[in-house]
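2 protein chains.
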Amino acid sequence: MSAIDRRHLLKTSAGALLAGIATHDAQAQAAAPAPKEAPPEPVTRLVARYAATAPIEQIPPAVRKEATRTLLNWVGCAVGGARQEAPSRAVAALAPFSGPPQAGLFGRGERFDALNAALINGISSHVLDYDDTHLKTIIHPAGPVAAALTAFAEGRNIAGADFMNALTLGCEIECRIGNSVFPEHYAMGWHITGTTGMFGAAAAVGRLLKLDEERMTHAIGIAASQPTGLKVQFGSDTKSFHPGKAAQNGMLAALLAAQGFTASKVAIEGFDGWGKAASTRHNWDEVLRGLGTRYEIGLNTYKPFACGIVAHPAIDAAIQLREANQLKPEQIRSVALKVHPLVLNLMGKTEPGIGLEGKFSVYHAVAVALVTGRGGDQAFSDKAVQDPVVIALRKKVEAVVDTAIKADQVDMTITLADGRQLHQFIEHAVGSQLHPMSDKQLEDKFAGQAEDILPAAQSRRLMEICWNAWSLRDAGEILRAGALVKA
Amino acid sequence: MSAIDRRHLLKTSAGALLAGIATHDAQAQAAAPAPKEAPPEPVTRLVARYAATAPIEQIPPAVRKEATRTLLNWVGCAVGGARQEAPSRAVAALAPFSGPPQAGLFGRGERFDALNAALINGISSHVLDYDDTHLKTIIHPAGPVAAALTAFAEGRNIAGADFMNALTLGCEIECRIGNSVFPEHYAMGWHITGTTGMFGAAAAVGRLLKLDEERMTHAIGIAASQPTGLKVQFGSDTKSFHPGKAAQNGMLAALLAAQGFTASKVAIEGFDGWGKAASTRHNWDEVLRGLGTRYEIGLNTYKPFACGIVAHPAIDAAIQLREANQLKPEQIRSVALKVHPLVLNLMGKTEPGIGLEGKFSVYHAVAVALVTGRGGDQAFSDKAVQDPVVIALRKKVEAVVDTAIKADQVDMTITLADGRQLHQFIEHAVGSQLHPMSDKQLEDKFAGQAEDILPAAQSRRLMEICWNAWSLRDAGEILRAGALVKA
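Chains A and B, in that order, give the protein sequences.
Each residue of the first sequence is one higher than the one before, counting from 26 in the numbering used here.
Each residue of the second sequence is one higher than the one before, counting from 26 in the numbering used here.
Be aware that one or more of the hints could be misleading.
As a list, the in silico DSSO-like pairs of lysine-lysine whose alpha-carbon atoms are at most 27 Å apart [what the hints assert, rightly or not]: (1) A:290 to A:374; (2) A:374 to B:374; (3) A:374 to A:353; (4) A:290 to B:374.
Calculated directly from the structure, the hints in this document are not laboratory data.
Because the structure is a prediction, the values reported are computed rather than measured.
Let the sequences and hints guide you as you build the complete structure.
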């Protein structure tokens with residue numbers, strides 16, 4: 026037992042005795058030293074070694090491409106959410122405390138120090154719940170890592186390849202740590218994006234700071250003490266706060282470690298470490314096996330539509346039939362859907378009154394897709410939900426549950442005013458892992474998110490910069506190009 | 026089920042289905058809505074109501090006095106730790122990111138924005154493990170709350186009574202929430218000071234911001250998502266980081282809530298809230314019963330000596346015998362101790378070589394107390410441990426375990442060179458709850474901590490300001506008077 030362990034033990038047990046409190050079993054347990062077992066694998070150190078040394082060249086082209094798509098999708102989300110209430114409130118709260126104007130905000134004109142910019146951009150990127158998803162853990166991988174990296178990179182002249190390598194390994198680390206504790210950790214109540222994201226952000230920023238293995242171990246360790254996020258917050262501004270704070274906490278951990286600030290070297294796997302505290306199960310093998318050869322970021326997915334994922338097959342079908350047949354709303358007599366049971370369970374609202382309610386109505390989602398060809402944010406605005414043309418068509422949509430239909434499927438039949446019938450069966454909805462969004466679809470999503478926020482030319486240029494991220498001379502360009510230039 | 030709950034449900038279950046992953050039991054559990062039970066007491070709201078409205082006049086004089094002693098002791102600790110490596114590293118890391126120089130640092134010359142000053146002062150105050158202790162939970166109550174309040178109050182012209190009321194209710198809230206989950210929460214691995222402290226800091230700063238009950242509820246809720254601290258970090262800089270980060274996180278929560286940023290209104294007690302995620306047991310009655318009439322801060326204790334608490338009775342005895350008999354080291358032939366079993370278990374090091382090792386040697390602790398009359402930080406420096414006079418006396422100290430001796434007791438017999446014997450039995454060591462440190466002893470501790478850091482006149486003035494805290498015209502004076510004025 027080290028001197029330090031002793032000090033702890035001494036405080037916990039003797040303190041209670043001195044207080045005249047009976048030492049009961051659980052308290053004794055709290056004070057007991059770690060049981061003697063075979064030493065576990067040094068998870069924290071091996072993760073740190075990977076973060077500090079993984080060569081860029083090691084990353085296969087397909088993974089690089091997925092990392093690029095991850096960046097593009099995330100930047101679009103950060104721009105798209107920039108004017109929402111949550112980031113606006115954070116801007117108002119933090120402006121009086123911000124340091125030098127080191128970094129901009131996507132889709133906004135203010136400038137903040139890099140730590141605060143990471144927090145605010147992270148909020149913007151998640152506020153519409155439209156960012157990327159690692160389906161195995163429901164982590165939104167980009168948020169914590171990309172928010173930290175883009176803010177940190179501004180003004181530091183960091184090569185795009187280094188930036189993208191850091192993004193890749195950061196996402197990899199948070200998703201793998203997530204895999205090791207999912208679903209128990211999530212079931213306990215933790216919002217896993219913010220409670221693993223700080224590891225990814227610390228590793229990624231630490232890599233840009235060129236931390237050696239020793240200091241990277243401390244950075245990961247400092248991050249372990251700072252999980253942010255509870256599922257109880259879903260439905261409030263604090264949900265989107267989680268990836269932002271994870272970004273800020275991870276960056277802080279890396280900055281502290283760069284100055285020699287120390288943490289436990291077994292902060293993840295050690296007795297009384299993150300794993301023990303935050304989950305009833307941990308399979309560290311999920312973290313370490315194939316690290317650097319098999320990539321979780323390669324499994325990342327993107328939401329094509331700004332509503333619950335169970336309605337995505339129906340929206341996909343509606344847009345396909347509309348485009349193939351040049352459909353106009355007035356041609357349509359009725360729309361018949363066979364759907365998975367969850368669709369009516371979760372999205373069965375027949376008379377939505379406002380935008381948010383529209384997100385829980387498959388009837389609205391199909392109608393607006395048939396009228397506009399779109400399923401992005403604008404399709405779920407108050408205006409869209411209250412549009413008389415959409416409402417009229419919504420009333421013509423009927424949906425029945427068919428247990429033969431899987432969650433990523435739908436069967437749609439449209440009957441036209443002239444009696445013709447159009448049929449579409451969706452085998453795997455767009456955006457699902459078996460039918461990923463195409464690059465073109467990601468671009469359309471991006472353009473839709475940016476269209477009310479950035480001038481069109483800036484939006485196109487920003488997209489271009491994201492596609493070319495691996496070869497940028499200066500990755501600071503990403504955030505510079507995404508911030509609003511004040512007139 | 027609200028629309029928001031649905032959105033969550035939809036993402037978790039359908040997302041997994043779309044990924045082609047079998048939904049296993051635990052995952053289904055993660056996605057399941059809250060079981061229908063009798064609605065729990067609205068803990069978060071009632072805590073917020075208390076924080077927003079508790080009248081200053083309600084606090085009994087004895088509690089006010091203990092709050093004052095808590096402040097004095099904490100400020101001394103923040104000054105005493107100011108030049109340690111941990112805060113110095115944090116200063117170096119954060120200086121490039123800090124905002125306007127709103128607040129100073131105790132015992133140092135730099136100025137930071139209030140959020141960063143709170144973090145750094147919180148680190149300084151805990152780095153020597155010499156701050157106050159709520160023995161029922163082993164929470165160090167002042168750290169998160171006072172670090173946030175002192176930094177926030179500078180330059181805001183806040184009356185001392187308002188400041189001290191906020192300090193009192195902040196400590197009250199963190200200790201009560203701690204009581205409700207202790208010891209299970211602590212046994213899981215959480216370092217409870219940093220994982221309850223953000224509640225206290227949010228409530229205290231929220232009170233100074235005059236948040237109404239609604240916004241205070243959100244402030245407490247935002248705080249709930251940001252616990253900081255794992256016991257695995259004990260022995261590293263990150264241990265002292267915990268109260269500092271809890272101070273910063275709590276202040277951030279209050280600042281966000283003041284701008285309308287929202288959180289769950291049942292963030293503590295709700296399904297998938299802080300209580301469920303962070304502890305296997307919660308007794309909310311511990312939070313609510315007697316809130317505003319019975320005060321946990323009245324139970325606060327202070328460490329008189331800078332080493333493990335089990336050796337405190339022996340140091341107490343040594344100092345008493347030295348003072349009563351004007352003892353000189355050369356008079357002493359031998360020192361015989363009867364001690365509680367934990368003393369040799371935890372502090373049995375016979376040949377300490379450096380200061381930190383001296384903290385785990387009852388032999389050194391007794392010898393240095395007999396030579397110098399002190400048990401503060403200076404008594405456990407490398408210099409003190411290596412002092413030939415102390416070493417010579419240390420070798421004359423013998424200790425035997427006596428199971429009749431309680432943890433806060435000791436039986437000491439000193440045999441002098443002339444054959445006389447001096448005897449001292451300590452019934453309750455100084456600093457224990459049954460024998461609290463006197464105001465004079467707190468002053469001596471404070472002076473000892475400040476003596477290598479602040480000019481003597483400034484140290485005395487700072488103490489004076491702390492004693493008068495309730496009647497200060499401007500509580501910003503506390504930190505202003507504690508910062509080093511650069512020559």
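Checked hints:
| no. | hint | result |
| --- | --- | --- |
| 1 | A:290 to A:374 | violated, 51 Å |
| 2 | A:374 to B:374 | violated, 71 Å |
| 3 | A:374 to A:353 | holds, 24 Å |
| 4 | A:290 to B:374 | holds, 26 Å |
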